[in-house]
Amino acid sequence: MVENAGRDRDQERVATTDEVRGAINSLSLADLAKLKKFDETLTEKIRRRVWGVGAGDLLQEAIISVLEAGRRNWKPNQVDLMGLLMGAMRSIASNWSRKGLKTEPPPRLDSDLVSVNEDGDQIPTALEAALDGRPNPEQFLLMSELPSEEALVTELENLVRDDLVASLVMEGWKNGMKGPEIRDSLDLTQKEHEAAIKRIRRKRDARWPKGLPYVQ
Amino acid sequence: MCSDRRDAKKELDAILEELLNSIEAAPAEEIADELRAVGRDVNSMAAEAKHSLLSGVKRFEQRKLQAAREAYKSRTGAQRKKHALPSTPAGRRDHLLAILAAKPQMQAMLTVQHRDFESLTDDDVKSALEELGELGVFEDDEGKQSK
Numbered sequence: 001m002v003e004n005a006g007r008d009r010d011q012e013r014v015a016t017t018d019e020v021r022g023a024i025n026s027l028s029l030a031d032l033a034k035l036k037k038f039d040e041t042l043t044e045k046i047r048r049r050v051w052g053v054g055a056g057d058l059l060q061e062a063i064i065s066v067l068e069a070g071r072r073n074w075k076p077n078q079v080d081l082m083g084l085l086m087g088a089m090r091s092i093a094s095n096w097s098r099k100g101l102k103t104e105p106p107p108r109l110d111s112d113l114v115s116v117n118e119d120g121d122q123i124p125t126a127l128e129a130a131l132d133g134r135p136n137p138e139q140f141l142l143m144s145e146l147p148s149e150e151a152l153v154t155e156l157e158n159l160v161r162d163d164l165v166a167s168l169v170m171e172g173w174k175n176g177m178k179g180p181e182i183r184d185s186l187d188l189t190q191k192e193h194e195a196a197i198k199r200i201r202r203k204r205d206a207r208w209p210k211g212l213p214y215v216q
Numbered sequence: 217m218c219s220d221r222r223d224a225k226k227e228l229d230a231i232l233e234e235l236l237n238s239i240e241a242a243p244a245e246e247i248a249d250e251l252r253a254v255g256r257d258v259n260s261m262a263a264e265a266k267h268s269l270l271s272g273v274k275r276f277e278q279r280k281l282q283a284a285r286e287a288y289k290s291r292t293g294a295q296r297k298k299h300a301l302p303s304t305p306a307g308r309r310d311h312l313l314a315i316l317a318a319k320p321q322m323q324a325m326l327t328v329q330h331r332d333f334e335s336l337t338d339d340d341v342k343s344a345l346e347e348l349g350e351l352g353v354f355e356d357d358e359g360k361q362s363k
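Protein chains in written order, with this note's numbering: chain B, 1 to 216; chain Z, 217 to 363.
No wet-lab data here; the hints were simulated from the structure. Note that CB positions come from ideal geometry on N, CA and C, so glycine has one too. Among the hints, erroneous ones may be present.
To give an idea of the interface, some chain Z residues facing chain B are shown, with a C-beta separation under 8 Å as derived from the structure [as the list claims (entries may be wrong)]: (1) Lys225; (2) Asp229; (3) Asn259; (4) Glu264; (5) Arg308; (6) Val353.
Calculated lysine-lysine pairs in the BS3-like style (CA-CA distance at most 30 Å, straight line) [as the list claims (entries may be wrong)]: (7) Z:Lys319 with B:Lys99; (8) B:Lys210 with Z:Lys225; (9) Z:Lys319 with Z:Lys280; (10) Z:Lys226 with B:Lys191.
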């Protein structure tokens, strides 16, 4: 009984900072590369909406959330660190996407509020320009060279155009279908479905080895 | 036109979400092999991920230390007597070792770079003592001595 209570306590125990650091150091090369790839793909997903998100930001914030009391503590004997980190990254990304911001924009100073040109017309301050979501002429020119979301979706579709199963799986995704629904409607086995997804992933990585391009 | 744009946004989100699901579900070795196959440097990707994670741990520790300092400062007020440290490096090193021998739990209050005592430089010893001073360790002793 006492032994069971001890074991339960050990199961419930939350990891210390040193234990978390030790667990990071014992992740394999492949585990770390997988986390990096997950971070890159999630960043590609949210950067269209989130101001200032960069490579590694989600990973860094995820480990902080694991360490901060009361957020999502890691119980080493119960939860796999990789799964916990990927779940934390998704949740942080969703939170940032909802707010549209990674961090709060800088506070406005009184001196920033009114600016006029020689004719007395109000002009945007540097801070206003920085906070203004609309592109300036230079950014507009650069953005016009980026593909639109439609063009990127079309290009993704074209990657698997000659692969009937993979193209139907992607069509299902675009229509909001999930794994079991896609398998049922296409009469695929789990193995066939996974193989099709792997082909989509590989085609995408071969086309954009360093990640998807930014879109307009 | 506008509704097409909204659909494309949703479709791109859905495709990326399913790609994320597939990365999460795939064995790490499989993802690493795929990355190698498209010419990515898996070693440097792994190093970058590790750096991000360890930087997060460091940021957490710095925030925790900062919070402890601020809590202590707000408890004791701005006018605090500064603890006088021994004037020589050897004296300061002996002082730190004596404190830690008497109160081993103080080791946990020091930041990680100060816990490897063998390799501490004179500057490290001084900053470790200052760190303990910031956390009010000496004042507890001085308070007892003055009673």
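Hints, verified against the model:
no., hint, in the structure
1, Lys225, "5 Å, holds"
2, Asp229, "7 Å, holds"
3, Asn259, "7 Å, holds"
4, Glu264, "6 Å, holds"
5, Arg308, "26 Å, violated"
6, Val353, "20 Å, violated"
7, Z:Lys319 with B:Lys99, "46 Å, violated"
8, B:Lys210 with Z:Lys225, "21 Å, holds"
9, Z:Lys319 with Z:Lys280, "21 Å, holds"
10, Z:Lys226 with B:Lys191, "27 Å, holds"
Comparing the model with each earlier hint shows violations of hints 5, 6 and 7; every other hint is respected.
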